[in-house]
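Engineer: Turn these sequences into a full structure, and let the hints guide you.
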Amino acid sequence: MPTKETVIRNEIVRVSGKVKAITIPKEKTQEILKRVELRLLDKKYEVLMPSVDNMEKNNIDLQGMMTFIQKYLSMIYTGSSNGSSNVQIVITDTSGNKHQLNYANTVTDNTQGVTSTMQIFGPQNGMTVQYYFIGFDTTNSSYQGNYLELYSSASMSPSRGYISYSPPVRIAYANLSISKLPNYDLFILWMIEFQNVPSYIILFIPTIPGNPSIATRAFFTNQGYPSTFNVYVNNGNCTFTCSGNCPKGNTGNFMISVQNNTIVLQIPVLALLTNGTSSAEVLICEHVYYQFTDFTTVQDFSTSYSTTIVPPSSGYIFVALLTVIAITFTVS
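For what it's worth, numbering that gives the first Met the number 0 labels the leading residue of the sequence shown as 0, then goes sequentially.
These are calculated hints, taken from the structure and not from any lab test. Using N, Cα and C, we set each Cβ at its ideal position, and we do this for glycine too. Hints may contain errors.
Here are the simulated DSBU-like cross-link-like pairs (lysine-lysine), alpha carbons at most 35 Å apart as the crow flies [stated by the list, open to error]:
| id | residue 1 | residue 2 |
| --- | --- | --- |
| 1 | K27 | K56 |
| 2 | K56 | K179 |
| 3 | K97 | K179 |
| 4 | K17 | K56 |
| 5 | K33 | K43 |
| 6 | K43 | K19 |
| 7 | K179 | K247 |
| 8 | K56 | K42 |
Have a look at the derived ranges for each label pair, beta carbon to beta carbon [stated by the list, open to error]:
| id | residue 1 | residue 2 | range |
| --- | --- | --- | --- |
| 9 | T93 | R159 | 43 to 53 Å |
| 10 | Q99 | R34 | 23 to 33 Å |
| 11 | T306 | T138 | 49 to 59 Å |
| 12 | R159 | D108 | 28 to 38 Å |
| 13 | S140 | G82 | 21 to 31 Å |
| 14 | S305 | T93 | 55 to 65 Å |
| 15 | T227 | N96 | 47 to 57 Å |
| 16 | G243 | S50 | 45 to 55 Å |
| 17 | T93 | G251 | 42 to 52 Å |
| 18 | R13 | P181 | 50 to 60 Å |
| 19 | E55 | N249 | 41 to 51 Å |
| 20 | S301 | T261 | 25 to 35 Å |
Structural biologist: Pasting the structure below:
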């Protein structure tokens with residue numbers, strides 16, 4: 000039985016980021032922070048953060064971002080993890096000392112930390128996923144910073160009532176001048192953005208720890224509500240819908256690598272076809288569940304994509320069709 004690899008789609012997703020740092024007299028901090036409405040698909044919530052105006056371009060850590068996506072997908076496929084919730088901004092000062100801002104739920108007085116959240120919005124043929132990281136230092140410390148690094152875990156829910164995390168990795172860095180004085184509060188706003196994401200691959204864009212905390216449900220859970228990603232092939236004798244009975248391909252693994260300043264993710268699907276047809280219809284069906292901090296709130300999202308591919312011509316009665324869904328993350 001022959002096997003032929005056919006690429007169903009090669010989606011190009013753009014990954015970019017922006018960052019800014021501001022210092023504010025302590026008595027004016029409450030005037031600068033604003034409540035901004037964000038959304039996760041149809042769900043809306045508010046986040047306290049500085050304005051997104053006047054942000055500067057950062058550098059994406061290509062190897063780190065690949066590891067970030069890889070660790071997230073490993074959790075989604077297996078339902079297990081080996082990390083702890085953490086987001087971190089590291090400031091290197093002009094003396095070479097490092098000041099670490101670690102994950103925190105809220106901005107408070109006389110503390111250091113990072114709050115984070117995310118949103119997903121846009122049309123189904125080109126959605127946008129944004130991560131917002133808000134670093135703060137409201138202590139009386141004093142230093143001159145010139146280099147920033149952003150680290151993040153990815154989040155996943157293996158079952159109802161639990162959220163698990165991957166180990167944090169560096170995903171971005173920037174050369175940025177910071178002057179922290181004792182009577183000033185420091186705020187760092189960092190945004191990482193995935194653009195041009197077709198809705199049928201939204202499942203493969205990582206979720207992150209945050210407030211509210213959002214996590215993707217894994218493929219395999221023991222308490223219901225799993226996310227699903229199925230690829231069906233029309234054999235001419237089945238109901239060709241997401242709830243139909245057409246042959247379903249196996250999507251049990253993935254491959255990811257860095258190639259020519261891009262991150263290439265490949266999702267192979269193996270399906271059995273009856274040979275003799277000049278084309279084959281393929282239907283991709285995705286159902287994503289996002290779980291929130293309170294564990295009782297679940298936001299679900301369903302989408303599908305169909306296309307026609309050319310199977311191998313071999314003279315065999317059956318053909319093992321290895322199709323590949325490719326996602327190329329271009330970094331800018």
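Engineer: Next step is simple, just say for each hint if it's right about the structure.
Structural biologist: Here's how the hints hold up against the structure:
Using a Cα cut-off of 35 Å, the hinted pair K27 and K56 holds, with the two alpha carbons roughly 27 Å apart. Annotation: proposed proximity of K56 to K179 holds, straight-line Cα distance about 21 Å (limit 35 Å). For the hint linking K97 to K179, the alpha-carbon distance of about 13 Å falls within 35 Å, and the restraint holds. About 4 Å separates the Cα atoms of K17 and K56, which keeps this hinted pair within 35 Å; it holds.
With a CA separation close to 16 Å, the supplied pair K33 and K43 stays within the 35 Å bound. For the given pair, K43 sits about 25 Å from K19 by alpha-carbon distance, which is consistent with the 35 Å threshold. Taken as a hint, the K179 and K247 pair is broken in the structure, with Cα atoms around 58 Å apart against an allowance of 35 Å. Taking the CA atoms of K56 and K42, the gap is about 29 Å. The hint holds against a cut of 35 Å.
For T93 paired with R159, a C-beta distance near 49 Å keeps the hint of 43 to 53 Å intact. Between Q99 and R34 the C-beta distance comes to about 27 Å, which sits within the given range of 23 to 33 Å. For T306 and T138, the Cβ-Cβ distance of about 55 Å falls inside the hinted range of 49 to 59 Å, so the restraint holds. Taking 28 to 38 Å as the suggested C-beta distance range, the pair R159 and D108 conforms, at roughly 36 Å.
Evaluation of the 21 to 31 Å hint for S140 and G82 yields a pass: the beta carbon distance comes to about 29 Å. About 57 Å separates the C-beta atoms of S305 and T93, a value consistent with the hinted range of 55 to 65 Å. Distance hint for T227 and N96: a CB-CB separation of about 48 Å, consistent with the stated range 47 to 57 Å. Hint check: G243 to S50, Cβ distance near 49 Å, so the stated range 45 to 55 Å holds.
Separated by about 50 Å at the C-beta atoms, T93 and G251 satisfy the suggested range of 42 to 52 Å. Evaluation of the 50 to 60 Å hint for R13 and P181 yields a failure: the beta carbon distance comes to about 41 Å. The beta-carbon spacing between E55 and N249, approximately 45 Å, falls within the hinted interval of 41 to 51 Å. Distance hint for S301 and T261: a CB-CB separation of about 29 Å, consistent with the stated range 25 to 35 Å.
Hints 7, 18 from the list above are not met by this structure, while the remaining hints are.
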